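Enquirer: What follows is the residue order along each chain.
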Amino acid sequence: MTEPAITPELVLKHGLTPDEFERIKTILGRCPNYTELGIFSVMWSEHCSYKNTRPLLKGFPTKSEKILVGAGEENAGIIDIGDGLAIAFKIESHNHPSAVEPFQGAATGVGGIIRDIFTMGARPICALNSLRFGELSSAEVRRLFSGVVSGIAHYGNCFGIPTIAGEIYFDKSYEGNPLVNVFCLGVLRHEQIARGAAHGIGNPVFYVGPATGRDGLAGAAFASQDLTEESAEQQRGAVQVGDPFMEKLVMEACLELLATGAVAGIQDMGAAGLTCSTCETAARAGTGIEIDLSKVPQRAPNMTPYEIMLSESQERMLIIVKKGREAEVQTIFDKWDLPWAEVGFVTDTGQMVVKNHGELIVDIPAKKLADEAPIYHRESREPAYLEAVRRFTLQSIADTTAPAHDLKNLLGWPSIASKNWVYRQYDHMVRNGSVVCPGSDAAIVCIKEDSLPVLPDGSFGPKFKEKFIALAVDCNAVYVYLDPYEGGKIAVAECARNLACSGAVPLGTTDNLNFGNPHNPEIFYQLRKSVEGLAEGCRAFNAPVTGGNVSLYNQNPNGPIDPTPTVAMVGLIDDPAHITTQWFKEEGDIIVLLGEVIDDKDALLGLGGSAYLQRVHGLKTGTPPRLNLVTEKQLHDGVRALIAAGLVKSAHDCSDGGLAVALAECCISQQIARETPRLIGATIDLTALQSLRLDALLFGETQGRIIISVHPTNLAAAQAEALRLGVAFRELGTVGGDQLTIRSGGSNLSARLTELHDIWWNAIGRAMQ
Amino acid sequence: MNFAVLQFPASNCDQDAVHVLKNVLGHGASLVWHKDLSLGNVEGVVIPGGFSYGDHLRTGAIARLSPIMQAVQQFAANGGMVLGICNGFQILCEAGLLPGALIRNRSLQFRCEHVYLKAATTRSGFTRAIPAGQLLRVPIAHGEGCYFADESTIKTLQAKDQILFQYATAEGQLTDESNPNGSLLNIAGICNERRNVAGLMPHPERASEGLMGSTDGRLIFESWLQELAERSRPLAV
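Those protein sequences? They're chains L and P, same order as listed.
Quick note: the first sequence, position 718, residue 718 per the working numbering, numbers continuous.
Basically the working numbering = 1-based index in the second sequence + 1000.
Okay, chain L solo, but in the shape it has when bound (with noise of 0.2 Å):
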């Protein structure tokens, strides 16, 4: 078969630029051939090579005392978490492929990110998501947001992984360009971590799992690009295809020859298959690798080298083992049914080679090729509608005179209304640790002897205390898009706040960067002031960012979407009896916020980019509400110690929708059993400040607010505890009742929480029928 020439027009149908090619010939001192072309343009895509953002990432605070791995090191990051214990985490973008094939795109989302984190040594344990689609009302994007979610459920519940919480929002932005953004967590003692370098000069490269084809044919350049009709349609072959059923196998093999000692260095074939994997690994090590492509397990007959070495078949595993102790991974493999082949051997050239049947098709150097991709400093510059952000304020919006209608309209916006119609398509109490389900701020996993890899002798090894890992993932992308900077703020100060409902102290970050094509450079303002923002959030809260994902150019001809920098955050809690849930629990309880009632330094008193602006009025628009990191930090270090001394029942943060629609969750958000929601009632006061808007009281999202409820007996010392620890306090009314009623001097709020609950839970489940 004659390959193609390597033509300017060959060039950049790969992406690259002229410049780009240029430097692929002074690294090679000659032309590169076909597959050598493709293999650059795999490895110096953005999704490979972050060579956009890597500048922005170095602002991001990524180091603690509790690292073990850190950022960009490995393939996830891994942080200790005491008895010898430590959990890796990471969340991954499949949006290009979602768009295209949403059942494959977003199921073998959940399988790479799997891959990233057994691949570390560590048994995966949860899995979370983080979902933005179109409006409801389209369906096309009801056929998207279906197809995404029974993917993500076929990958993860046959695999046999808890999804344990999320977050989905509905905006016009994100039509024709969705998000799937997966996250996943696992467990591992400190001598288990696995390294993905080719170590030992001589040591044998196996490839496990099933055989190649020619599906997902460079899908992470296909992930660099803006999305379009043509591409759409062409592309649909870059789409993988996922079976979770030899991912769960090869998972378990991996692990069980892991733990035998006989592995020097192992990496997960994933963006850019047996490329990246191979060129990474030798130039972690500072090594070189041979592979010849006649070894590899081939599925399609006639497949090229160029298709081998970019196919992203799935469920794919490169191991380096030790030399000698080949026999191991035969019989671990064979036990579990599983294709393997000894494909090449650890060199010490500092070459990527790549033969066929003994016949040189690809030299290069491995560190060049996966470490040296060039750099971008994209311009940056403020877009043009935040001008009129800016102009925006409450003189042109009458306040609200029927607040009871107004909640019942917010509790049935998709964004804001209950998500049981997704999670109760995903398996989310497998592995038997989901301490705390969906449908509370912070989902909360149990750590026990099972979650973790089996020794050398196959037991699980020292007995330890349980831990609880509690979880959250946000961001309000309106915000971001109103204000880049405070956006990203306040995506990491909420799911700190999450975390600090749950009762758990923030560990670490994973962020995933969703934006559209950095070349504008409006957008790539709003991705450098919002990297500026989170970065600001993590130092604050000290939870360092530990890694995470990038995913450019989710634009199409309409535009692009929001920037949706999502935030995937991890905390801890000791003890068991600090879990706490955000549905109020007694009737009689005292009902608290604490935190300022309202920002009276915002002149739009938390209006800005409100769900309220949204969803009543019609207008994303005005600066969203700041964010004070410091009284932040002081109210989360708060509502945890009045949670650790005892005083507090329920916790919830108020967020999308403001007190009002926070007030509501709070009622009606326990869940018994199906079709048995626990109902319970409360009565607020909020007379004494019938001086402000309503709509702003009731409504406004001012940040940095938690409404707890406590034992009326409890009420004292809670307060006493708060002034002590300079956190705002105030009682707002008593739990009770079946009915949520609101005073505040103007009009009261008035609602039987059967209709509230019908609304909020059933929304859209009817949207979908």
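Because the hints were derived from the structure by calculation, they are not lab data.
Values in this document were obtained by computation on a predicted structure and should not be read as measured data.
Do not take every clue at face value.
[What the hints assert, rightly or not] In silico lysine-lysine, PhoX-like type, Cα no more than 25 Å apart, as pairs:
| # | chain 1 | residue 1 | chain 2 | residue 2 |
| --- | --- | --- | --- | --- |
| 1 | L | K335 | L | K322 |
| 2 | L | K335 | L | K467 |
| 3 | L | K463 | P | K1022 |
| 4 | L | K649 | L | K419 |
| 5 | L | K63 | L | K467 |
| 6 | L | K295 | L | K408 |
| 7 | L | K295 | L | K355 |
| 8 | L | K335 | P | K1160 |
| 9 | L | K172 | L | K408 |
| 10 | L | K467 | P | K1022 |
| 11 | L | K408 | L | K620 |
| 12 | P | K1022 | L | K465 |
[To be verified] Output of the computed footprint for chain L on chain P, the stretches with three or more beta carbons under 8 Å from beta carbons of chain L:
| # | stretch |
| --- | --- |
| 13 | 1008 to 1016 |
| 14 | 1047 to 1057 |
| 15 | 1107 to 1119 |
A virtual CB, placed ideally from N, CA and C, is assigned to each residue, including glycine.
Assemble the complex: chain L is given as a structure, and chain P must be docked to it using the hints.
Expert: Coordinates of chain P only, in the frame set by chain L:
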């Protein structure tokens, strides 16, 4: 007591079953690989939940051909007690150890949620410890849990008191709304005529510790343990 917990490729709830039998209930439990030919010296067998063979072909259809299933058939034929949970129930139906079949949920979607179970009989070694009238709050997690059988099989199940559990409301009513998957007669679990082999779609092992929000599932294991303890006692003359 000692229990064998079978491990097929892509069994997912195998560790959960071992954890509850061992760490919560204090009995012996170990995983038995599906290619093994012997169950070892055990008093009971659990076929756990999961997606054995990735549900390829049909749920449980391939797992029933695994070598260990011959030992399970023999164990059951000798009167040994076998409990299939979720995918285990599906495998037992495919293996012919239980009548009927589990088909796609009526919603055509996977369902994971807590349900209320009404014990239709306490006259079995899997339900005997359940106090009369007590509902069990236990989670389900399946896409194919709709119990289906022909009319005569259903009549036999009723006549011989083989229905163990039915999906119910919090008040114990067998309504359509309380039925998460469309099962005939709201059936959530059954046993064979000899009453030594049982299958249920809900996961009692996920409702056996206070931290997990319900301990109702323990009543099923405790019933089993009572039955085994009684069997192992020499009969009084």
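Enquirer: A separate judgement is required for each hint: does it hold in the structure or not?
Expert: Results of checking the hints against the structure:
Taking the CA atoms of L/K335 and L/K322, the gap is near 20 Å; set against the 25 Å cutoff, the hint holds. Restraint check for L/K335 and L/K467: the C-alpha separation of about 33 Å exceeds 25 Å, so the hint is violated. Our distance criterion of 25 Å between C-alpha atoms is met by L/K463 and P/K1022, whose separation comes to about 14 Å. With a C-alpha separation of about 24 Å, the suggested pair L/K649 and L/K419 falls inside the 25 Å cut-off, and the hint holds.
Of the supplied pair hints, the one linking L/K63 and L/K467 holds, its CA atoms being roughly 23 Å apart against a limit of 25 Å. Of the pairs offered as hints, the one joining L/K295 and L/K408 is violated, with about 62 Å between alpha carbons and a cut-off of 25 Å exceeded. Between L/K295 and L/K355, the direct Cα distance comes to roughly 10 Å. Compliance with the 25 Å bound is thereby established for this hinted pair. A threshold of 25 Å between alpha carbons decides the hint, and for L/K335 with P/K1160 the separation of about 42 Å lies outside it, so the pair is violated.
Restraint check: the Cα-Cα separation between L/K172 and L/K408 comes to about 22 Å, which is no more than 25 Å; the hinted pair holds. For the proposed pair L/K467 and P/K1022, the alpha carbon gap of about 19 Å is at most 25 Å, so the pair holds. The straight-line distance between the Cα atoms of L/K408 and L/K620 is roughly 20 Å, inside the 25 Å bound, and the hint therefore holds. Of the pairs offered as hints, the one joining P/K1022 and L/K465 holds, with about 17 Å between alpha carbons and a cut-off of 25 Å not exceeded.
With a threshold of 8 Å between beta carbons, the proposed coverage of the stretch 1008 to 1016 of chain P by chain L holds, since 6 of its residues qualify and at least three are required. Using a Cβ-Cβ cut-off of 8 Å, 7 residues of the stretch 1047 to 1057 of chain P lie near chain L, which meets the minimum of three, so the contact claim holds. Counting residues of the stretch 1107 to 1119 of chain P whose C-beta lies closer than 8 Å to any C-beta of chain L gives 8; at least three are required, and the coverage claim holds.
Going down the numbered hints, you'll see the structure goes against 2, 6, 8, while the others check out.
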